[in-house]
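Using the sequences and the accompanying hints, generate a full structural model.
Now for the letters of each chain:
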Amino acid sequence: MSKALTLALSLLSTPALADWQVNMNKGVTALSREIFDLHMLIFWICVVIGVAVFGVMFYSIFKHRKSKGAVAEHWHENTTVEVVWTVIPSIILIAMAVPATATLMDMYDTSEADVDIQITGYQWKWRYQYLDEDIDFFSNLSTPREEIVNESAKNPNYLLEVDNALVIPANKKVRFLITANDVIHSWWVPHFAVKKDAIPGFINEAWVKVEEPGVYRGQCTELCGKDHGFMPVVVEVKSEADYAQWVADQKAMKLAMAGEASKEFSMDELIAKGEGVYQAACAGCHQPNGQGIPGAFPAITGSAIATGAIDAHIDIIVNGKTGTAMQAFKEQLSAVDIAAVVTYQRNALGNTVGDMVQPSAIQK
Amino acid sequence: MAEQNETKTNRLVVRLATAAIAMFGFGFALVPLYDVFCDITGLNGKNFSQGPAEVTSVDRSRTVKVQFVTVNPADMPWDFKPTVRSMRVHPGEDKHTTFYAKNSTAEWMVAQAVPSVTPSEAAPYLHKVNCFCFDRQPLDAGTDTEMPLLFVVDPELPEHISTITLSYALYDLTDDQKVTQVTLDNDKGRASL
Amino acid sequence: MATVDVDLPHVKDEDPHHHGPAKGLGRWLYTTNHKDIGSMYLIFSLTMFMIGGIMALIIRAELFQPGLQLVEPNFFNQMTTMHGLIMVFGAVMPAFVGLANWMIPMQIGAPDMALPRMNNWSFWILPFAFLILLSSLFMPGGAPNFGWTFYAPLSTTYAPESVTFFIFGVHIMGASSIMGAINIIATILNMRAPGMTLMKMPLFVWTWLITAFLLIAVMPVLAGVVTMMLMDIHFGTSFFNAAGGGDPVLFQHVFWFFGHPEVYIMILPAFGIISEIIPTFARKRLFGYSSMVYAVASIALLSFVVWAHHMFTVGMPLVGEVFFMFATMLIAVPTGVKVFNWTATMFRGSMTFETPMLFAIAFVVLFTIGGFSGLMLAIAPADFQYHDTYFVVAHFHYVLVPGAIFSIMAATYYWLPKWTGHQLNETMGKLHFWLSFVGVNVTFFPMHFVGLAGMPRRIPDYALQFADFNSMASVGAFIFGFSQLVFIYNVIQNVRAGEKATAQVWEGAQGLEWTVPSPAPYHTFSTPPKVD
Amino acid sequence: MKIWMQAIWSVMASFLGVQSNANRERDFEHGRFSVFVVAGLLMTFAFLISVFGLVQLVMMYVK
Numbered sequence: 001m002s003k004a005l006t007l008a009l010s011l012l013s014t015p016a017l018a019d020w021q022v023n024m025n026k027g028v029t030a031l032s033r034e035i036f037d038l039h040m041l042i043f044w045i046c047v048v049i050g051v052a053v054f055g056v057m058f059y060s061i062f063k064h065r066k067s068k069g070a071v072a073e074h075w076h077e078n079t080t081v082e083v084v085w086t087v088i089p090s091i092i093l094i095a096m097a098v099p100a101t102a103t104l105m106d107m108y109d110t111s112e113a114d115v116d117i118q119i120t121g122y123q124w125k126w127r128y129q130y131l132d133e134d135i136d137f138f139s140n141l142s143t144p145r146e147e148i149v150n151e152s153a154k155n156p157n158y159l160l161e162v163d164n165a166l167v168i169p170a171n172k173k174v175r176f177l178i179t180a181n182d183v184i185h186s187w188w189v190p191h192f193a194v195k196k197d198a199i200p201g202f203i204n205e206a207w208v209k210v211e212e213p214g215v216y217r218g219q220c221t222e223l224c225g226k227d228h229g230f231m232p233v234v235v236e237v238k239s240e241a242d243y244a245q246w247v248a249d250q251k252a253m254k255l256a257m258a259g260e261a262s263k264e265f266s267m268d269e270l271i272a273k274g275e276g277v278y279q280a281a282c283a284g285c286h287q288p289n290g291q292g293i294p295g296a297f298p299a300i301t302g303s304a305i306a307t308g309a310i311d312a313h314i315d316i317i318v319n320g321k322t323g324t325a326m327q328a329f330k331e332q333l334s335a336v337d338i339a340a341v342v343t344y345q346r347n348a349l350g351n352t353v354g355d356m357v358q359p360s361a362i363q364k
Numbered sequence: 001m002a003e004q005n006e007t008k009t010n011r012l013v014v015r016l017a018t019a020a021i022a023m024f025g026f027g028f029a030l031v032p033l034y035d036v037f038c039d040i041t042g043l044n045g046k047n048f049s050q051g052p053a054e055v056t057s058v059d060r061s062r063t064v065k066v067q068f069v070t071v072n073p074a075d076m077p078w079d080f081k082p083t084v085r086s087m088r089v090h091p092g093e094d095k096h097t098t099f100y101a102k103n104s105t106a107e108w109m110v111a112q113a114v115p116s117v118t119p120s121e122a123a124p125y126l127h128k129v130n131c132f133c134f135d136r137q138p139l140d141a142g143t144d145t146e147m148p149l150l151f152v153v154d155p156e157l158p159e160h161i162s163t164i165t166l167s168y169a170l171y172d173l174t175d176d177q178k179v180t181q182v183t184l185d186n187d188k189g190r191a192s193l
Numbered sequence: 001m002a003t004v005d006v007d008l009p010h011v012k013d014e015d016p017h018h019h020g021p022a023k024g025l026g027r028w029l030y031t032t033n034h035k036d037i038g039s040m041y042l043i044f045s046l047t048m049f050m051i052g053g054i055m056a057l058i059i060r061a062e063l064f065q066p067g068l069q070l071v072e073p074n075f076f077n078q079m080t081t082m083h084g085l086i087m088v089f090g091a092v093m094p095a096f097v098g099l100a101n102w103m104i105p106m107q108i109g110a111p112d113m114a115l116p117r118m119n120n121w122s123f124w125i126l127p128f129a130f131l132i133l134l135s136s137l138f139m140p141g142g143a144p145n146f147g148w149t150f151y152a153p154l155s156t157t158y159a160p161e162s163v164t165f166f167i168f169g170v171h172i173m174g175a176s177s178i179m180g181a182i183n184i185i186a187t188i189l190n191m192r193a194p195g196m197t198l199m200k201m202p203l204f205v206w207t208w209l210i211t212a213f214l215l216i217a218v219m220p221v222l223a224g225v226v227t228m229m230l231m232d233i234h235f236g237t238s239f240f241n242a243a244g245g246g247d248p249v250l251f252q253h254v255f256w257f258f259g260h261p262e263v264y265i266m267i268l269p270a271f272g273i274i275s276e277i278i279p280t281f282a283r284k285r286l287f288g289y290s291s292m293v294y295a296v297a298s299i300a301l302l303s304f305v306v307w308a309h310h311m312f313t314v315g316m317p318l319v320g321e322v323f324f325m326f327a328t329m330l331i332a333v334p335t336g337v338k339v340f341n342w343t344a345t346m347f348r349g350s351m352t353f354e355t356p357m358l359f360a361i362a363f364v365v366l367f368t369i370g371g372f373s374g375l376m377l378a379i380a381p382a383d384f385q386y387h388d389t390y391f392v393v394a395h396f397h398y399v400l401v402p403g404a405i406f407s408i409m410a411a412t413y414y415w416l417p418k419w420t421g422h423q424l425n426e427t428m429g430k431l432h433f434w435l436s437f438v439g440v441n442v443t444f445f446p447m448h449f450v451g452l453a454g455m456p457r458r459i460p461d462y463a464l465q466f467a468d469f470n471s472m473a474s475v476g477a478f479i480f481g482f483s484q485l486v487f488i489y490n491v492i493q494n495v496r497a498g499e500k501a502t503a504q505v506w507e508g509a510q511g512l513e514w515t516v517p518s519p520a521p522y523h524t525f526s527t528p529p530k531v532d
Numbered sequence: 001m002k003i004w005m006q007a008i009w010s011v012m013a014s015f016l017g018v019q020s021n022a023n024r025e026r027d028f029e030h031g032r033f034s035v036f037v038v039a040g041l042l043m044t045f046a047f048l049i050s051v052f053g054l055v056q057l058v059m060m061y062v063k
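Those sequence lines, one after another, are chains A, B, C and D. Residues 1 to 364 in this note's numbering are what the first sequence spells out, letter by letter. Residues 1 to 193 in this note's numbering are what the second sequence spells out, letter by letter. Residues 1 to 532 in this note's numbering are what the third sequence spells out, letter by letter. Residues 1 to 63 in this note's numbering are what the fourth sequence spells out, letter by letter.
Hints were generated in silico from the structure; no laboratory data involved. One or more of the hints may lead you astray.
Stated by the list, open to error - Facing chain B, according to a computed beta carbon distance under 8 angstroms, are these residues of chain C, among others:
hint	residue
1	Ala186
2	Ala223
3	Phe257
4	Pro317
Unchecked claim - Pairs of lysine-lysine, DSS-like flavour, derived with a Cα cap of 27 angstroms:
hint	chain 1	residue 1	chain 2	residue 2
5	B	Lys65	A	Lys330
6	A	Lys172	D	Lys2
7	D	Lys63	A	Lys173
8	C	Lys430	A	Lys66
9	D	Lys2	A	Lys26
10	A	Lys254	B	Lys81
11	A	Lys251	B	Lys102
12	A	Lys63	C	Lys430
13	A	Lys251	B	Lys81
14	C	Lys430	A	Lys68
15	A	Lys251	B	Lys65
16	A	Lys173	A	Lys254
17	A	Lys66	C	Lys530
18	A	Lys209	B	Lys65
19	C	Lys200	B	Lys8
20	B	Lys102	A	Lys263
21	B	Lys65	D	Lys2
22	A	Lys26	A	Lys68
23	B	Lys8	A	Lys172
24	B	Lys102	A	Lys321
25	A	Lys330	B	Lys8
What the hints assert, rightly or not - Covered stretches of chain A (in silico footprint by chain C; criterion: 3 or more residues with CB under 8 angstroms from a CB of chain C, positions within the stretch not fixed):
hint	region
26	36 to 46
27	51 to 62
28	87 to 98
29	105 to 115
30	150 to 161
31	188 to 199
For clarity, every value in this text was computed on a predicted model and none was experimentally measured. We put the beta carbon where it would ideally sit given N, CA and C, even for glycine.
Next up, the structure:
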């Protein structure tokens, strides 16, 4: 009785919007619908065979019971029957493989693409580089930590939201060049039916042509370590005009960022900005309170580097430390972000060194 | 009867044990077998072609788009990017491009690039006549360089392939170098094990 | 290791001056008796089943609700990895080896296994292999957290230090399996009673002979792949490290070349058990015995040519994908169709439904559901949506839990009266069956839905749209988990007391093992039986 | 030669998974174990080649 109670309680307590999706996403591309149809076709074939087999079995379970006086017969071999019930399902299922091959060949279409995007999997984030334009950014999980540790209510896109989504044009062939920086990841967007492993040292390709603009969410689908469940994929499909506008905005923003790097900042501005950068990029390992995890990730509070020479502090953030989990953040953070987080780490989390560094001094 | 059974069992056990050891060896034999299989089918975008390709005619009627992509693995601080993002080539003609690399750290380092081609079907048709990825590339602190790549696309490239992407992952081999003190890899093959 | 001391009641067997088992711990440490070693394997497997089960409950408790409630993501990954390793190498395989040790000599009329001392040795290294593996939970950096399939480079360059303990543990488990396999082949081929030709052997013996050949062919490849890992981690080679010219995809190919025959190793003995139980309770001979023998034999060869259907999204050339799709379909169908033989055995039989038969029927129904989802996974384009999601988790749990585990439970309930000499308590057996049946379905059926909806594998937390089915699965997991305590109670109760079991035990049972008294004397068939 | 034909036929039957009792008794009475192993490996190799051919055929037909 107590089990049923907990079951009922659990179902009531989850937010109402959680839907009961039981089937595969039909998706928004011609290919994802083709795959959905293949999925339903093989599903119905299995259901038909299953109903036939289990029907006979349950019929004989009820009819041929000893308690009903059934007497067992003595035949125990009939190769013709066996050949029939082997060849027929084989033919049905092998016939199934022909349309599957057709779909697979469409998926391996190597015609020229309109947009080429390099997707690089990092330990626990994605990096998108537009080959034709000079756009290059990281896409981190943006679900606040409070929601993950249940200190605040979970928003509808819990764990499926990022700070910078990948933006692609609708009705255009977009080609993804997928690789990885450290371990094997896998880039998957269910509504595109695109899933390709990101393997370090090698490059894979996939493509998509999306018909309807919209936001489509997916996740990393190959175990890649601690935060494998926390590096989602969000793709924003815009109409061609909006996409062109977005590209222009990105380029303008890049210029502004360059300009900002030469600007002088006050200590408080740097610390304020540095806290945001710390929570997004460093808290994952060094923990929000800067204590780190003994034996795995060193603490920032009272760390020899964070309280020592400022150049060494900058160098370890810019170039990382070989052979350890400390990555080179040179390409992941702008000069302003690096200056801000260095100043923040030296004057917060229990450190009171008192010095600061300007973005112009950061030599990338 | 028992002794005769004894020897039969012992003979069988010896045969089974050697089969097990043979399969252990087979596990290791899969490594070279895999490389041969990759070379033929271009599986996983690997291609080991180096040196001048026996390509005679230049097929002016067809152009193929060749893209260059670079990836820095986990702890590789160098700046590494192609000077030219992509180019259109005629199959059969030799083409040249360079890759820019800058060692922005404070020590001498040595690195090696690992090539990978997509679509993997095109891998056997992209001949690298001379490639910086054949050897290790040392760079002093703060210096930069332009590394050459001379390649030719084989005219027998299957019709349906119109774009080839050649990617390089630049790996830091400074520790290896210090540990093994191997002189620069002179057998011109891909990085030895 | 909580060992339940199974002290077989000493029954005077027909040879008065023959001494019974030694007394005390020495009996179990130095035993070369196939019955004692069989019991030790089964007790060890039950212990590992419980430990692996606790880890499964930790995983399901964390996944009961969205948000991180119980464990750190890194510890969650350790739990999924250890759950997989312990269940595959610690619960399922030793249980089948235990059943083989107990029953094969009695079913072929042999006095004992061909190599009794090696038999003792291949059991006693197992507890130490798992002590090595389990001790890594307490090491700095924690236990292995890279999944039971331990893909490189996560398992080589990015692994915790305990990966070396994992490698040695796997080496020792492999050695134990290979020695067990050699022992079983030697026993079956050389020590059959006169008259017990290969043609008359029970199907459990046949499936184990084929499984033993698979083990000998495949466990060394697993040993090879972990040795390559060891060399990559410690001796500076680059088998799987792209920096030195290696290739992580090479790891996947060599691992799955071992992996797919391994999943057949875990299901063929189950086919053998079910083919023993259904004819007994249907009181009708197995339908198409020859077809079963030949189909099982062909699996031994064909299971080596389909491994890459585990890697459809790794980026294989088109020809490779289509080839492995076709090969998988061509093999999956003839083997799947063997399920019809059991149905035909039941048809027009005269059936009774004691506990072993209930488990066997549940095996046939639920294993077939797992087989159907396997056929869906074989369709390469569709696999791009299924791969590494909870749909795959649902598939392999349906073929392993109601598959291998239910067949082991069915075998235990079927042969326990022969081992302990006491009749089974049917009501308690049925209670255990129905609780497990409900628990297994409530746990694993919703996983099909969240998998299709887009929930990836091996994640400690998930988006809100997967919340309801996950909480249902977690409740089912606790039902299934705690109902195994009923199983332990049934086994201990049966060992201690119960009405005297006859030699025949089940009315429809055939086979040499039913000609010896129950409980089976310490030494059986010292003089080979007459097989007509 | 007859032995080999029977062995190959039996191996093909085992790939389909259907075999008559009569053939089984014949195989186990007269068949030699090594013949069956070689026939099995040969047929597996033939199976690989035929599947590869089937794949090429289907890909040509479907293009």
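Each hint, compared with the structure:
Restraint check, Ala186 (chain C) versus chain B: the minimum CB separation of about 5 angstroms is within 8 angstroms; hint holds. A hinted interface residue such as Ala223 (chain C) counts as satisfied when its beta carbon comes closer than 8 angstroms to some beta carbon of chain B; here the least separation is about 6 angstroms, so the hint holds. Below 8 angstroms, beta-carbon pairs count as interface contacts, and Phe257 (chain C) has one with chain B at about 7 angstroms; its hint therefore holds. For Pro317 (chain C), the suggested interface contact is upheld, since its CB lies about 5 angstroms from the closest CB of chain B, less than 8 angstroms.
This hinted pair does not check out: Lys65 (chain B) and Lys330 (chain A) have alpha carbons roughly 31 angstroms apart, beyond 27 angstroms. The suggested pairing of Lys172 (chain A) with Lys2 (chain D) is violated, with an alpha-carbon distance near 63 angstroms, which exceeds 27 angstroms. At roughly 20 angstroms between alpha-carbon atoms, Lys63 (chain D) and Lys173 (chain A) fall within 27 angstroms of each other, so this suggested pair holds. The straight-line distance between the Cα atoms of Lys430 (chain C) and Lys66 (chain A) is roughly 18 angstroms, inside the 27 angstroms bound, and the hint therefore holds.
As the CA atoms of Lys2 (chain D) and Lys26 (chain A) are separated by approximately 56 angstroms, the hinted pair breaks the 27 angstroms bound. Of the supplied pair hints, the one linking Lys254 (chain A) and Lys81 (chain B) holds, its CA atoms being roughly 18 angstroms apart against a limit of 27 angstroms. A distance of roughly 24 angstroms separates the Cα atoms of Lys251 (chain A) and Lys102 (chain B); the hinted pair therefore holds under the 27 angstroms criterion. Annotation: proposed proximity of Lys63 (chain A) to Lys430 (chain C) holds, straight-line Cα distance about 21 angstroms (limit 27 angstroms).
A distance of roughly 19 angstroms separates the Cα atoms of Lys251 (chain A) and Lys81 (chain B); the hinted pair therefore holds under the 27 angstroms criterion. Proximity of Lys430 (chain C) to Lys68 (chain A) is assessed by CA-CA distance (about 21 angstroms); at most 27 angstroms being required, the pair is judged to hold. A hinted pair counts as satisfied when its Cα atoms are at most 27 angstroms apart, and Lys251 (chain A) with Lys65 (chain B) qualifies at roughly 25 angstroms. A hinted pair counts as satisfied when its Cα atoms are at most 27 angstroms apart, and Lys173 (chain A) with Lys254 (chain A) qualifies at roughly 26 angstroms.
Between Lys66 (chain A) and Lys530 (chain C) the alpha-carbon distance is near 32 angstroms, which puts this suggested pair outside the 27 angstroms criterion. For the given pair, Lys209 (chain A) sits about 20 angstroms from Lys65 (chain B) by alpha-carbon distance, which is consistent with the 27 angstroms threshold. Distance restraint check for Lys200 (chain C) and Lys8 (chain B): the Cα-Cα separation of roughly 22 angstroms lies within the 27 angstroms cut-off, and the hinted pair is therefore satisfied. Restraint check for Lys102 (chain B) and Lys263 (chain A): the C-alpha separation of about 26 angstroms stays at or below 27 angstroms, so the hint holds.
This hinted pair does not check out: Lys65 (chain B) and Lys2 (chain D) have alpha carbons roughly 59 angstroms apart, beyond 27 angstroms. Between Lys26 (chain A) and Lys68 (chain A) the alpha-carbon distance is near 49 angstroms, which puts this suggested pair outside the 27 angstroms criterion. The suggested pairing of Lys8 (chain B) with Lys172 (chain A) is violated, with an alpha-carbon distance near 71 angstroms, which exceeds 27 angstroms. For the given pair, Lys102 (chain B) sits about 17 angstroms from Lys321 (chain A) by alpha-carbon distance, which is consistent with the 27 angstroms threshold.
Annotation: proposed proximity of Lys330 (chain A) to Lys8 (chain B) is violated, straight-line Cα distance about 69 angstroms (limit 27 angstroms). Restraint check on the region 36 to 46 of chain A versus chain C: 5 residues with Cβ-Cβ distances below 8 angstroms, three needed, restraint holds. Residue count for the region 51 to 62 of chain A with a Cβ under 8 angstroms from a Cβ of chain C: 6. That meets the three needed, and the coverage hint holds. Residues of the region 87 to 98 of chain A with a Cβ under 8 angstroms from some Cβ of chain C number 6, which satisfies the need for three, so the listed coverage holds.
Counting residues of the region 105 to 115 of chain A whose CB falls under 8 angstroms from any CB of chain C gives 3; the rule of at least 3 is met. With 7 residues having a Cβ less than 8 angstroms from any Cβ of chain C, the region 150 to 161 of chain A passes the three-residue criterion, so the hint holds. Counting residues of the region 188 to 199 of chain A whose C-beta lies closer than 8 angstroms to any C-beta of chain C gives 8; at least three are required, and the coverage claim holds.
In this structure, the hints that do not hold are numbers 5, 6, 9, 17, 21, 22, 23 and 25, in rising order.
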